[in-house]
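Engineer: What follows is the residue order along each chain.
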Amino acid sequence: MTHQQHMKSDISYKEVNEDVVRTMTKSGAGYYIALFLSMAGVVFLWLLPWAYQIYTGQGVTGLQTPVFWGIYLTNFIFWIGISHSGTLLSAILFITQTPWRRSIYRSAEAMTFFSVLTAAIFVFVHMGRPWNFYWTMPYPNQRQIWLNFQSPLMFDVFAISTYMTASMMFLYFGSIPDLAAVRDRVTGWRKELYGALSLGWRGTDAEWHWLNKAYTFFAVLIIPLAVSVHSIVSWDFALSKVPGLNKTIFAPYFVVGAIYSGSAGIVTLMVILRKTLKIEKYITTNHFDKLGMLLLVMSLLWSYINILEVFTGWYADTSFENEALKYRMFTPPYAYMFWLMIFTNTFMPLLLIFRKIRASIIISLIISLGINVGMWIERYLIITTSLPRKFLPYMWHDYSPSLTEISMTIGSFSFFITLFLLFIKLWPSVSIYEVKEDIGIPMKKEGH
Amino acid sequence: MGKFLDKILERFRIYRIPGYYEKYDHKWTMVIDLDKCNGCGACVIACNAENNVPVVGKEECGNKRTLNWIRIERYVEGEYPNVKVKFIPIMCQHCSKAPCETACPVYATYHNQDGLNVQVYNRCVGTFTCATYCPYDVRRFNWFTYGKKDLLKSNGASATSFEPPLDQQLNPDVTVREMGVMEKCTFCIQRIRAAKDRAKDENRSIRDGEVQPACVQSCPTGAMTFGDLNDPDSKVFKLAKNPRKYKLLEELNADPSVIYLKRVMKDDSSAAHEE
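In order, the protein sequences belong to chains A and B. Per our numbering, residue 19 is the first one in the first sequence, and the count goes up by one each step. Per our numbering, residue 32 is the first one in the second sequence, and the count goes up by one each step.
Only chain A is shown next, with the shape it has when bound in the complex (with noise of 0.2 Å):
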């Protein structure tokens, strides 16, 4: 194997070590006032709004009769997303040992925890009643209530409490040894947390044997566990009968989507991570090329998807499926919002074709965020232009969310935000392990 060299070779073992805790233990006035902002945006514009909405009822948001689902659900789907290119792209370049994966797969990873989180919330917003949210939990109760296993929200339940168990404890046994690495470098109560967090990892040869073992486990189980989870989130619309979500290729063009969205979340996460953290060094241009090439090859598959989807609509020639496909593509706003989301995720992504806009930074940024958007648009379109055109005239409605629904949804972000600013001074977000390994061996650099 050719070793491909990520970062520059001329950074110490030492070097890596310190500018690691260096992230986590010295943060600058701006840290303090980007986390006071977003845990505001958490209690004014989530948790109040939220209480509200317990208090008075769903009434608040621009919910009616035929559009039963709406932002709420958009917002599940689009954080499930999100959460699915951290573990399983990380999962896969483990797997097929890619070097470039080593120094951006931790907030990667923490990325996909911390979104899934977000979009679990969204559930509980989105129901009636979710004071009973238990309800919908297996266990033996005297209530005599049972599960309803036919259903696909219950599929829902298993698949992503298990997606956030096993991406949880991905990310928790990869950085074992960096908290181990962390323990030893800092005093006070940091010393007794990480004391506690690396479960006394010491380093020796069984130690990392059994670690890599239990990685590799992990690896190897989360990719169909990736797939299986957006699939199953697909199908909360596909098993329906409504014309425009029953699809028999929502399943992998969900996965796809998702894993493209997440793949620019990660771009995205990426440039603002190395810019504010002063982690250049280790998150290179190098890395946004990789990245790039993924972001093409996926906004090609989801391109694809999507023309298939409109192609097979349009030649059916249903008078429901023509009714839906107008609606969605020709009757503004929506045809506004449609063709949006495909010169953002279509056209715009094809600029990666060039290496050099590849290895343009901001470039990548303004692309990641672009698809993003439009990757918020498709849910959001898959919903609101589907339900409010069924099956029946007469009961045709549209949808526009509430002031409630809309301040949620930017809550939703301030919480996403919030944890990842707890994160990166709470847990080593780049690999110091693996970063090293990257590097190479010093004795050997000595010799040049």
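Quick caveat, the hints were computed from the structure, so don't treat them as lab data. Among the hints, erroneous ones may be present.
Claimed, not checked - From chain A, some residues computed to sit far from chain B (all C-beta separations above 12 Å): (1) T180; (2) W219; (3) T303.
Claimed, not checked - Just a few of them, taken from the derived set where beta-carbon distance is under 10 Å, the chain B residues facing chain A: (4) E104; (5) A134; (6) P196; (7) E209.
Remember, predicted model here, so these are calculated numbers, not experimental data. No residue lacks a Cβ here, since even glycine has one placed at the ideal position from N, Cα and C.
Based on the hints, put chain B in the right spot on chain A.
Structural biologist: Chain B only, in chain A's frame:
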């Protein structure tokens, strides 16, 4: 080999059809003769009174948040003077292969032994999935707790139900639903239950016409008929053989329990020919 495949097909069928299809005690069916229906809306009002359905006011109606379990759909075809106006009362179709039943994660909606598609309000957690899956849009959601006046006022709803003394008119046999719960037409299950109890006490089976949902009872033209399709002497059994019969959105294969008799219009030569 063929036998083996048949066996699999049979298993598949049993799995797909909720309720036990052939083993229903009753097969409650409603026949609606659209030739007789004049769209007066008495059924809607009767249903509101019988089933404690809240009146939500003008604004909420504009938001399509009415809670009426039965509605009269009106369709106008053509230009003046050749205008055809059609209307059709639509309530829960009590599908034998109901799409809503497979959707509910907590079994709040399921098929009972009478072949009815029932909704357990207290079980519902409000995932909206049943309503989304319903091709007939007959499921209604309690967006607010409609008895609480102050909450509704703050949300712009102009009227409330059940504020005193209106709470005195509530039907004690039917639950008053709280917010966050899905509801729908039950074929007046409380009346079916009462009739079954009575029949059991008198050690007989239910007589045809003994059970009448509120809408059927109030229909001035007698357009609606309710009965047990398993009983070959019943009125609905005979009406179900009418050549004008059809089921709404039959192509979706949900197998509804409501049978419509087509309205024959003057210039509708093809239908008249069928008659």
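Engineer: Does each hint fit the structure? Answer for all of them.
Structural biologist: Against the structure, the hints:
Its beta-carbon lying about 16 Å from the closest one in chain B, A/T180 satisfies the requirement of being farther than 12 Å from that chain. Every CB of chain B is more than 12 Å from the CB of A/W219 (nearest about 41 Å), matching its label as outside the interface. Against the 12 Å criterion, A/T303 stays outside the reach of chain B, whose nearest CB is about 46 Å from its own CB. Using the Cβ-Cβ criterion of 10 Å, the hint placing B/E104 at the interface with chain A is satisfied: the shortest such distance is roughly 4 Å.
Given hint, B/A134 at the interface with chain A, holds; its Cβ is 6 Å from that chain's nearest Cβ, closer than 10 Å. Nearest Cβ of chain A to the Cβ of B/P196: about 24 Å, over the 10 Å cut. The hint is violated. Interface hint status for B/E209: upheld, as the beta-carbon distance to the closest one in chain A is roughly 8 Å, under 10 Å.
Checked against the numbered hints given earlier, this structure breaks only hint 6.
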